[in-house]
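Line order of the protein sequences matches chains A and B. Take the first sequence: its position 83, counted from the start at 1, is 83 in this note's numbering, and no numbers get skipped. Take the second sequence: its position 104, counted from the start at 1, is 104 in this note's numbering, and no numbers get skipped.
These are calculated hints, taken from the structure and not from any lab test. Please read these numbers as outputs of a predicted model, since none were measured by experiment. Heads up, none of these hints are tricks.
Copies of the same chain are indistinguishable here, so a pair counts whether it falls within one copy or spans any two.
Calculated pairs, SDA-like style, for lysine to any residue (alpha carbon to alpha carbon, straight line, at most 25 Å):
| hint | residue 1 | residue 2 |
| --- | --- | --- |
| 1 | K36 | P75 |
| 2 | K101 | P16 |
| 3 | K81 | E58 |
| 4 | K80 | P16 |
| 5 | K80 | I19 |
| 6 | K111 | Q6 |
| 7 | K21 | N115 |
| 8 | K80 | T94 |
| 9 | K48 | K168 |
| 10 | K111 | T9 |
| 11 | K36 | T59 |
| 12 | K11 | S110 |
| 13 | K11 | S88 |
| 14 | K21 | V74 |
| 15 | K3 | L20 |
| 16 | K111 | G12 |
| 17 | K131 | S182 |
| 18 | K48 | R166 |
| 19 | K21 | K111 |
2 protein chains.
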Amino acid sequence: MKKLEQMITHKGFVLPGGILKVDSFLNHQIDPDLMKDIGEEFHERFEKEPVTKVLTIETGGIAPALFTALRFSVPCVFAKKEAGANLSSDRYMTEVFSFTKQHLYNVSVSKEYLNEGDSVLIIDDFMANGKAVEGMIDLCHQAGAHVSGIGVVIEKEFQDGGRRIREKGYHLESLACIRTMSDSAISFRIQKDEDLI
Amino acid sequence: MKKLEQMITHKGFVLPGGILKVDSFLNHQIDPDLMKDIGEEFHERFEKEPVTKVLTIETGGIAPALFTALRFSVPCVFAKKEAGANLSSDRYMTEVFSFTKQHLYNVSVSKEYLNEGDSVLIIDDFMANGKAVEGMIDLCHQAGAHVSGIGVVIEKEFQDGGRRIREKGYHLESLACIRTMSDSAISFRIQKDEDLI
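Please take these sequences and the hints and turn them into a complete structure.
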């Protein structure tokens, strides 16, 4: 998605440790027009899937997930990060290791909002090692729900999350796929629809 | 806002301690069509204000704030909840007491995204004792920004946050204002535009 890549190039910062900061339009200040376009784009890429629900994890995934859910006319559910490991019979819970924060945390979703028969489109802001998405896949499996697709706004191709998840057979789409990045330059994988230009 | 009141009545639950749970359309599962309507409604109520930015606090406020920001064509900034009290020279920070969780936490916003000259519309999901909104007002004051209005999705009129903030002269609008609630019934303040019906 060209508009997104341009914003990453012009407004993103690469921090030591392979962290890409996009706080000016995605993770702290949000550009609502961009989020609307992202929702349109995910809808286009997954419109053949029978989506009944969009699932994400708070907080970074909420904005893109919400506009995607709007376009599909389905509810958006966000899994909650839990401070402790409070197991509860009315929630599905899984563990996620955060690459950015370098710690393990629990995420959970109420059993009311993820059901057998749901066809779930998982949306997240970032994919590095893929642990957050794998956590959401696990939540869907616990619920007996079908994962109909996975959309991430920014994928770091040089980490192995995307490869691992595609190898498992999931339909994974990323709107900007970063090949390499340093504090002076960011390069993207050329997207299919841009090959023709 | 009639549609919102009906959803609260039909899908909300009142828990002991005066907590209203609206997890099925606002705080865990989000109804994106309702959020779009909420954005329209806040735009209508504040359209005379020269809004340059919408400010909220993660997580519950993000959805209504985002659609309001979209309608005003301005950025949406969400203040972040901080685990510790890490003072940093590049962030404005304030303390907020959460009525729902009964504890004190810090919220902060990067100085980059809140500026002198900004005319800020503060949006939040709930107002009970008003502490979250007062925290956001404080962040705006620290930045030298003007608070042009405050919009809350659900106000609990029987707690004193709304009264206190209106007495200070702020233009505060709530889309559903709860007069009384118990586990068997919820009553709303009649809104001005509904007096005529």
